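K.L.:
So the sequence lines, in the order shown, correspond to chains A and B.
Following our numbering, the numbering of the first sequence begins with 1 at its first residue and continues without gaps.
Following our numbering, the numbering of the second sequence begins with 1 at its first residue and continues without gaps.
No lab work stands behind these hints, which were simulated from the structure alone.
All values derive from a computational prediction rather than experimental measurement.
Careful: at least some of the hints might be erroneous.
Listed next, the in silico EDC-like pairs over lysine to aspartate or glutamate satisfying Cα-Cα at most 20 Å (straight line) [unchecked claim]:
1) Lys49(A) with Glu113(B)
2) Lys12(B) with Asp249(A)
3) Lys122(B) with Glu144(A)
Computed from the model, here is a short list of chain B residues facing chain A with C-beta under 7 Å [stated by the list, open to error]:
4) Thr76
5) Phe81
6) Ala85
7) Thr92
8) Asn101
9) Ser105
Quick list of the computed label-pair ranges, beta carbon to beta carbon [to be verified]:
10) Lys34(A) with Gly134(B): 20 to 30 Å
11) Lys253(A) with Thr135(B): 53 to 63 Å
12) Gln58(B) with Arg157(A): 31 to 41 Å
13) Phe117(B) with Asn267(A): 39 to 49 Å
14) Gly251(A) with Ala121(B): 46 to 56 Å
Glycine included, every Cβ here is placed at the ideal spot set by N, Cα and C.
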Amino acid sequence: MKDLECQTVFFKNKPRIIGNYSIVGPKEGKGSLKNYFDYIMKDDMFGEKTYEKAERKMVEQAVMGAVYNANITPKELNLFMSGDLLNQIVTSSFAARSFDVPYVGLFGACSTMAESLAIGACMVNAGYFNNIACATASHFSTAERQFRYPLELGNQRPPTSQWTVTGAGCCILSGKGNGPIVTSATFGKVTDWGINDVNNMGSVMAPSCASTMIAHFKDTNTTPDDYDLIVTGDLGKLGSEILIDLMEDHGYKLGINYNDCGQVIYNGKQSVLMGGSGCGCSASVLNSYILNKVRAGEYKKVLFIATGALLSSTSTQQGDTIPGIAHAVVIEHFEEKIINTSKKTKGRK
Amino acid sequence: MTELERNERYNKYVEAKIAKTHAWPSLFNAFCFGGIICVIGQLFNDMLLSIFPTMATQSAWTLTLIFLIFVASFLTGLGVFDKIAVYAGAGTIIPITGFSNSIASPAMEFKNEGIVFGMCAKMFVIAGPVIVFGTVASIIVGLIYLLV
Numbered sequence: 001m002k003d004l005e006c007q008t009v010f011f012k013n014k015p016r017i018i019g020n021y022s023i024v025g026p027k028e029g030k031g032s033l034k035n036y037f038d039y040i041m042k043d044d045m046f047g048e049k050t051y052e053k054a055e056r057k058m059v060e061q062a063v064m065g066a067v068y069n070a071n072i073t074p075k076e077l078n079l080f081m082s083g084d085l086l087n088q089i090v091t092s093s094f095a096a097r098s099f100d101v102p103y104v105g106l107f108g109a110c111s112t113m114a115e116s117l118a119i120g121a122c123m124v125n126a127g128y129f130n131n132i133a134c135a136t137a138s139h140f141s142t143a144e145r146q147f148r149y150p151l152e153l154g155n156q157r158p159p160t161s162q163w164t165v166t167g168a169g170c171c172i173l174s175g176k177g178n179g180p181i182v183t184s185a186t187f188g189k190v191t192d193w194g195i196n197d198v199n200n201m202g203s204v205m206a207p208s209c210a211s212t213m214i215a216h217f218k219d220t221n222t223t224p225d226d227y228d229l230i231v232t233g234d235l236g237k238l239g240s241e242i243l244i245d246l247m248e249d250h251g252y253k254l255g256i257n258y259n260d261c262g263q264v265i266y267n268g269k270q271s272v273l274m275g276g277s278g279c280g281c282s283a284s285v286l287n288s289y290i291l292n293k294v295r296a297g298e299y300k301k302v303l304f305i306a307t308g309a310l311l312s313s314t315s316t317q318q319g320d321t322i323p324g325i326a327h328a329v330v331i332e333h334f335e336e337k338i339i340n341t342s343k344k345t346k347g348r349k
Numbered sequence: 001m002t003e004l005e006r007n008e009r010y011n012k013y014v015e016a017k018i019a020k021t022h023a024w025p026s027l028f029n030a031f032c033f034g035g036i037i038c039v040i041g042q043l044f045n046d047m048l049l050s051i052f053p054t055m056a057t058q059s060a061w062t063l064t065l066i067f068l069i070f071v072a073s074f075l076t077g078l079g080v081f082d083k084i085a086v087y088a089g090a091g092t093i094i095p096i097t098g099f100s101n102s103i104a105s106p107a108m109e110f111k112n113e114g115i116v117f118g119m120c121a122k123m124f125v126i127a128g129p130v131i132v133f134g135t136v137a138s139i140i141v142g143l144i145y146l147l148v
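Working from the sequences, and respecting the hints, build out all of it.
P.N.:
Next up, the structure:
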């Protein structure tokens, strides 16, 4: 932090992820990661009257599930941080009504999962809060009606478009306990390379992702080979290809350890064009597959970069170009030497 | 390199990177599905005229349109129309079925926001421009017809 150029924060006190939970819709539940999700909804409505209510319920369930998995009680939560795609982040704020916990609403579009993890890790590392719930969600049907067309409209999707993931994820960050640790976080800059096509989010976010990634490698003095997995949020097929090209221009070669959540969440037979997108995309993949593998020690060091396109339907209609953002967090496998068996009594202090 | 140049170069690069799609399969599908819809309409029209031989041709046309509008809206309600339209493309959009779907789908979508400000107000979000342009075009054509 002494260096003004430095975008990366290093965490000495080992903020750790003591619990995580993911919940996805039926379509994602048929995808290639179906065996890793904690809960798969039977239908998109989730027993609610509107899709918006369903999305809120998903966040609530994700938080409660993560609290349960972390072996703490809801009373032990100190802070709830969440964000989503809907106007005025209603999903997160409305879900926060259910918890008797201080709430911080975030907006980073699809980058929210990394954003909340990064800010949460800062707070835990500093010792201001102990148990922080970092959550985010997106729902195909609510995003579709806000940003695009009615669901039943008989239109064809452009080949570069992506499919908003119906899913939510939450992880509990804590100063004590067992779980993967967050060792550093790189906050991204907003970049705009002049793309104004709302159906081509991958190319909007790829330059932002490259900018954050390069800053991260420079600040931490690492190369792509130092990570077991480098995973981006929702660049999709086209965006990932662009990212690989952009990184190569800067002398970084992304190899087989690079992947994209949007590309892996669905299986090849599901017609999703470029892949998944939305806050829920990176959140559900991180909180299922990735964290479980890090916890098990199969991945020792993971660079998680969630990317977001910061547009609104008004800015799009007025023909503005779309700015993008990306935040990165490094998650590492960690096991405390002395394992305390009575987890229940472990809380704050 | 200035920012503008960079953006221009990037836009060109992205343009080249996007996999080109071929127009022929879409055109073929649109032709087939659009054709089928027209054949169904014609069959209905002929059927009407053969059952009611005294019916005026104009009335039979109107009833055929109503029939096609109803079927498209009904299929929209069942959630089938958009699945057909993914393959049909312009085949389902160009005939009156597309117009019917563009009214029925927002009406369904926004009914949770209330009858007046939800369903009724949002019903024309997609069809509205079509109605405006249709009306303006017909006025222009009418004026030309009057003068020529």
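K.L.:
With reference to the structure, classify each hint as holding or not holding.
P.N.:
Taking the hints in turn, this is what the structure says about them:
Our distance criterion of 20 Å between C-alpha atoms is met by Lys49(A) and Glu113(B), whose separation comes to about 12 Å. At roughly 16 Å between alpha-carbon atoms, Lys12(B) and Asp249(A) fall within 20 Å of each other, so this suggested pair holds. At roughly 15 Å between alpha-carbon atoms, Lys122(B) and Glu144(A) fall within 20 Å of each other, so this suggested pair holds. For Thr76(B), the shortest C-beta to C-beta distance to chain A is roughly 5 Å, which falls under 7 Å, so the interface hint holds.
Hint status for Phe81(B) relative to chain A: holds, with the closest Cβ pair at about 5 Å, below 7 Å. Here the hint on Ala85(B) is kept, as its CB sits about 3 Å from the closest CB of chain A, short of 7 Å. Proximity of Thr92(B) to chain A holds as hinted, the smallest CB-CB distance being about 5 Å (cut-off 7 Å). Taken as an interface hint, Asn101(B) checks out: its beta carbon lies about 5 Å from the nearest beta carbon of chain A, inside 7 Å.
The closest approach between the C-beta of Ser105(B) and any C-beta of chain A is roughly 4 Å, which is under the 7 Å cut-off, so the hint is satisfied. Judged by the Cβ atoms, the range 20 to 30 Å given for Lys34(A) and Gly134(B) is violated: they are separated by roughly 47 Å. For Lys253(A) and Thr135(B), the Cβ-Cβ distance of about 59 Å falls inside the hinted range of 53 to 63 Å, so the restraint holds. Separated by about 39 Å at the C-beta atoms, Gln58(B) and Arg157(A) satisfy the suggested range of 31 to 41 Å.
Judged by the Cβ atoms, the range 39 to 49 Å given for Phe117(B) and Asn267(A) holds: they are separated by roughly 40 Å. Look at Gly251(A) against Ala121(B): about 55 Å separates their beta carbons, and that is inside 46 to 56 Å.
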